[in-house]
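Next come the chains, spelled out residue by residue.
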Amino acid sequence: MSSTAPVLVSIRDLVKRFGPTTAVDGVSLDVAQGEFLTFLGSSGSGKTTTLFIVAGFEDPTGGDVLIDGRSVLSVAPNKRNIGMVFQRYTLFPHLSVFDNVAFPLAVRRRPRHEIEQAVKETLALVRLEEFAARKPGQLSGGQQQRVALARALVYKPRILLMDEPLAALDKKLREEIQIEIRRIHRELGVTILYVTHDQEEALRLSDRIAVFSHGRVVQVGSGADLYERPADAFVAGFIGNSNFLPARVRGVDAERTAVELPNGAVVAGRTDSALASGGEASLMIRPEKLFLVNGRDAPDANYDCRVDVTLRDSTYLGDSLQREVVTPWGQCLMVRQTGDAEALSHAGTGAALTLCWHSGDARVFRKTAGSSAPRS
Amino acid sequence: MLLSLNRMGPGRYALYSIGVLVALFLLFPILFIALLSFGSSQWLQFPPPGWTLKWYRDFFDDPRWIAAILTSLKVGLCVMALSIALGLPAAFALVRGSFPGRVALRAFFTSPMIVPIVILAIALYAVFLRLGLNGTFIGFVAAHLILALPFSIICIVNALEGFDEAIEKAAIVCGASKLEAICRITLPSIRLGIFAGALFSFLISWDEVVLGIFMASPSLQTLPVKMWTTLRQDLSPVIAAASTLLIVVTMAVMALAAFIRRRSEP
Amino acid sequence: MRSTLRRGRAWPLRGFGPALPALVFLFVFMVAPLAVLFLRSVTEPTLGLGNYAELLGDATYGRVLFNTFTVATVVTVVTLALGYPVAWLLVILPSRVARWLFAIILLSMWTNLLARTYGWMVLLQRTGVINRTLMDLGLISEPLPLVNNLAGVTIGMTYIMLPFIILPLHATLSAIDPAIMQAASIAGARPRQIFFRVLLPLSLPGIGAGCLMVFVMALGYYVTPALLGGASTTMLAELIAQQVQSLLNWGLGSAAAFILLTVTLILYAIYVRAIGLGRPQ
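Protein chains in written order, with the numbering used here: chain X, 1 to 376; chain W, 1 to 266; chain H, 1 to 281.
Heads up, some of the hints might be wrong.
Once the Cα atoms are required to be at most 20 Å apart in a straight line, the calculated SDA-like pairs of lysine to any residue come out as [said to hold, decoys possible]: (1) 135/X x 234/H; (2) 135/X x 15/H; (3) 178/W x 204/H; (4) 135/X x 204/H; (5) 178/W x 200/W; (6) 169/W x 200/W.
Take a look, some chain X residues computed to stay more than 12 Å from chain H by CB distance [said to hold, decoys possible]: (7) 21; (8) 63; (9) 148; (10) 204.
The hints are simulated quantities; they were obtained by calculation from the structure and are not laboratory data. Glycine included, each C-beta is placed from N, C-alpha and C at the ideal position.
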């Protein structure tokens, strides 16, 4: 995202309560023109409710939504000139593909030749020209969602909302359409707000990602920001795989925080938040940033942190080798080795090895009720 | 939109008013009869000049009304039992069978719902006159059973289609005979469908008028037939009392059905 | 039956046996009597189609057919106009309120037919509550003739048929995904446009099913027209009963019955086809 692009959508202190439950709890976000922003979170995190408030299907309990600097809360959905693709297939089952895509222009009473021209162009954009005469029931799920995308784009809205549009599709199809969506975003320059619970999808598509949890935005940033510099253990656990080691804070300096692991080993990691010395913390490190060496071998000087471990299991995954190791305090950690994995490929279960990493790759978070690496 | 009330705009007030009007329209005659049955006016004045239980006394003091109730009850219970006895195996055949013409057979079993009852009534009347079944208990039961059968078959078929046959097979693998598996596993699982079928069958018989009018003899009348013949003479308030009693029975059956449904789906 | 089951595997009629009792019963007590009735319609008093010709040619009987189809049409249109909004409300009302509305509909549907018709007879009579109220309000000076004519029949039948159109309409409307309405709205459609371009077309199968059901039932209805109608407003079902019961004119009565049955079956075939094709996907 270029920082010079003007803000198009501005979400200010948005709150939405349903009876006693708070679905959205003070969300503020600015979306730049032409940006692809993804709301990432598990179900019930408030991301879809936020999107539906932007669309106008829900009224917020508090806060405001501005488009081009003007509040749209009092504007009906059909007057907001926003495009939207839904999670479920929402094509009009009684209309042909052509008439489905023509619908937004027909209700705007555009002249016939203009409608035909625009529908043809948009169907070409989603590569479905030859299906124009079919009924939605005769299309596959992937095709239906591409028609829905065409219907949302045909009237050239400046903002496109997408609510988990690929959730019902299988993996291969999903990846295909993700590529299409990226291409269309590039070609049209439309501003996209995209909701998903799939972190891989979020990373693949977005300029920026807003991570939702319990109705709040925990962190906003590019995929690299979130992966490399997660704000807390939740984001770290949500984006990518991670190992969390229990630790006690020993000393803090500008660059690094030194922590003591349960076996007494003192290692270090980077941190953004101020941590009190002696407090409980957790040390996060990605599986691909961990290295295993034979206990006797001299470790690389770069790897300034080390723990002795026992090999429990190795799984060959083609492009990498995944190893499970057990720490002296009985915790199981994931290690992913690529390329130079050859050296230890013969190591059998039970082998005594040394786990090492660079302190710059580890992060120290305040202790949370965190778990080990969640599955993606 | 349009499918969510609070976002529909002013149009929803039009909907509300039609809804309220229709609800009142549907409730009005029922409440009206119930009130009238306690009114003291022989000529059905409304609002009544005073309140009385006279019409209920008249109703219960008249042995012909009591006989009609008993006949209706007996016929209804017989129809209910026979409707399940014939409908249960028929439903098994429709769901489990693999013979050609299964779809046609299902359509045939539901056809009594389509044939206008008056046609069925005169057709049966003609045949029963010859067979001497007119005005007999058996005649009533057979006639009502024709109308009840589709309901019990549909209810049981629906239940049976929702029951996974693999569970019955599992019971057989466990060592049960086919019959044991059906009696101990399948029937208890579809009991709600059977129950609904029985309830419908009873209500169909209990409320049936047209077949009854043709079938009845002066000595054997169901409750609706007795009401019909009385109505043909005058609008006596005793009918209001009888109608109110019928409404109470209907509400009791509905409440029972709702209660059982609620208990069965936790 | 036992032997049927045992050799079932090889037999083409596998599993057919249990249906036999019900099948035999319906053949003896429904199919056979109807067949006999049909025979009588073409043999009494003489062999041939004379009864059918008389029914379709005579002005008196033409009047009956006209009455029947008029009442059925009016009742269908009125129930649709009243039933559609109610079915719609049942879908969108909060479930607590909708449950009460449902209960009212079911109560009226399951209340004894004669009890309901009796209620309307009392309400609609010359000295009934409706006429009395209208006169007290000064809206009319003479009691309106509301009973023993087609007006009474139409009111009574509308009352009885309403649930039969509300229930199929409700089934259709509640099967429509609300997200489709949202999609139409965000695509720029105003509420009016959503209704006419999306909701109404999507509810057509339910409208068709409900209307056909009401129309078919109304054509063959006996009790309500007999009690709320008058001598000059005889409908088909009454004609059939009269011919057979009072005039002992079995030939003509049976022929009228078969005209009614044929129309009913044709409409039912349309109904089945419409439902089959109307279902999306």
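Here is how each hint holds up against the structure:
| no. | hint | result |
| --- | --- | --- |
| 1 | 135/X x 234/H | 48 Å, violated |
| 2 | 135/X x 15/H | 39 Å, violated |
| 3 | 178/W x 204/H | 46 Å, violated |
| 4 | 135/X x 204/H | 17 Å, holds |
| 5 | 178/W x 200/W | 29 Å, violated |
| 6 | 169/W x 200/W | 30 Å, violated |
| 7 | 21 | 17 Å, holds |
| 8 | 63 | 20 Å, holds |
| 9 | 148 | 7 Å, violated |
| 10 | 204 | 25 Å, holds |
Hint check: violations occur at hints 1, 2, 3, 5, 6 and 9; the rest are consistent with the structure.
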